[in-house]
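Chemist: Kindly generate the complete structure, drawing on both the sequences and the hints.
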Amino acid sequence: MVAGQSIVGLFRDNVGGWRTTLILGFLAALIVVIPVGGFPLGRWLISINANFSIPLTALVFSKVWENASHIRLLDRKAFLGSCIFGLTAGLALYPMALGLGRFDPYKFGWSFSLLFVLLMVITVILVFVKNRFGIVLVACILGYDLGLLESPNLWDYLVDPFFALISGVMIGGLLIREIRSKKSLSHSVSWATRAEGSMR
Amino acid sequence: MWRYLSAFDHEPVTFAVFSPSAPEDNDPPHMAEEFISNDPGLAMVHVGSICEMADGSLVASWYGGTREGARDTAIYLAVRAPGESMSWSRPRVIVNRGSASKELHRFVKKVGNSIIFTDSEDRLWLIYVTITMGGWSGSSLNVKISHDGGTTWTRSQRLTLSPFLNVSELVRNNPLPMKGGGFIIPIYHECAGKFPEILWIWGGQGDQRITFRKTRMAGGRSFIQPSVVACGSGVARAFYRSCSGDRVVAMATTGDTGAAWSEPQNLELPNPDSALNALLLSEGRILLAFNDSKQTRNNLRLAISHDGGATWGRVAEIENSPGQEFSYPYLIRSLDGRIHLVYTWRRKRIKHVVFNETWINAQIEKASK
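Heads up: the protein sequence lines correspond to chains A and B, in order.
Quick note: the first sequence, position 27, residue 27 per the working numbering, numbers continuous.
Quick note: the second sequence, position 90, residue 90 per the working numbering, numbers continuous.
No wet-lab data here; the hints were simulated from the structure.
A quick note: this is a predicted structure, and the numbers were derived from the prediction, not measured.
Be aware that one or more of the hints could be misleading.
[Stated by the list, open to error] In silico lysine-lysine, DSBU-like type, Cα no more than 30 Å apart, as pairs:
{"id": "1", "chain 1": "A", "residue 1": "LYS77", "chain 2": "A", "residue 2": "LYS63"}
{"id": "2", "chain 1": "B", "residue 1": "LYS109", "chain 2": "A", "residue 2": "LYS107"}
{"id": "3", "chain 1": "A", "residue 1": "LYS77", "chain 2": "A", "residue 2": "LYS183"}
{"id": "4", "chain 1": "A", "residue 1": "LYS107", "chain 2": "B", "residue 2": "LYS348"}
{"id": "5", "chain 1": "A", "residue 1": "LYS63", "chain 2": "A", "residue 2": "LYS130"}
{"id": "6", "chain 1": "B", "residue 1": "LYS102", "chain 2": "B", "residue 2": "LYS348"}
Modeler: So this is what it looks like as structure tokens:
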């Protein structure tokens, strides 16, 4: 859907509107059931990754909603919060889960553990500072409690490899932009200082 | 949140230990051999496992196809009714990539290792490997249950055990039953790291959901395919296949029913990066079936330990033929006290060897002379 909206954006100033979104939704549903090699395309995706995490689903839904209605469900603060969360969780989980060292952080997701306490603390802080990513974390806890995903492990509700990767790319992009803007700012400041000096 | 907090209610688990009694004096030595997979039509068979039903019949599973990892591999099952004169039934397919794809609602490239076992309600459990992408390191585990001795099976259920696309979880050796139900199943991971793990699995009765979790036994890239022997209610020993340059069997112990394991320690027995299997005998002795070489799988021997696995003595040679492969042993003890060994015979057949402890004791005596 987001990709479809981006393609529409190449041809029109306004990527969204409910009509366009409904047409794209219908097309997306059609693509999912197109048989490829005897399997619907959607099942190929499930074959590789059974479920996406709740935060990634929330980010994608928020983007689609924003394009359709021009209302931001997850504002910039929430978006940044989710990217920092996704990258941190991914870095904490995947290297060790694949065998880096003897410690396995994935074990904390099977039953009550420090992970749950940490998640509660982060959620409460985010809700308290009115960061909407806190609502997404509440949805993770509810989703886990209802057993919405195939996995019975809390970690899989919080992060998936795609979310961690996207978060890394986003944070990397933000950092590069920040460094570039700082550089151009210091460049323009030094240029202004030099110009001021030569005027004297 | 409730689901999470309810984990507090779990009773502390312990092993259901079946301490075998010593053989009676009038029990003569017994040893017999036969092939389970009599159909030589398959180009390759591998990774056999066996279990006993409540009526004394034996059930075996393995996989076969044109070659290891081929797309036409399927998991086969054969049954042997109780009684000396009975023979193994004609093998039949219980899972192939088509049926697994249909039941799991996803693409399955091929099927692989399986283990078969019974629970206290005489239901058969099959835990088996499917691969969606790549080789063995892209494996995932699935479970099926039969309520009628293997005639019909429930739909396969995927076990999500790894956070990274649920890949690289494999199974090989015997499960250990827990008191109060459920099993502790040794499994292993072999993508990036190569390490042994424990799968804890419960449920499956009636409409009850299967629940599970996983813990790690060791890290690194050196040990896989743990074979675990329960020696007490919370005490067990694990024997590992070696993937390191040391090429020796390693051992670890647990004192808390498998929650935490000691660092693996190398034993004196060689291991050519091949599966092994251990079984508890009477008087706390441990029997090990293994390839007695650092390089090849061309022999299969039995060794016994009287001191909980610290030292070993070789007691019998089951196979030895240069240039051939005899591998992936799997041992169980049936209710009549006999020990059943199944293994891959030249990759062409699954062989079944049955013996009793008196025969082992006779082999020990013979070896000491």
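Chemist: Indicate, hint by hint, whether the structure satisfies it.
Modeler: These are the hints, each one checked on the structure:
1. LYS77/A - LYS63/A: It holds: about 14 Å lies between the C-alpha atoms, which stays within 30 Å.
2. LYS109/B - LYS107/A: holds, 29 Å
3. LYS77/A - LYS183/A: Cα-Cα ~24 Å, so holds.
4. LYS107/A - LYS348/B: Given pair LYS107/A, LYS348/B is violated - Cα atoms ~40 Å apart, limit 30 Å.
5. LYS63/A - LYS130/A: Cα-Cα ~20 Å, so holds.
6. LYS102/B - LYS348/B: holds, 29 Å
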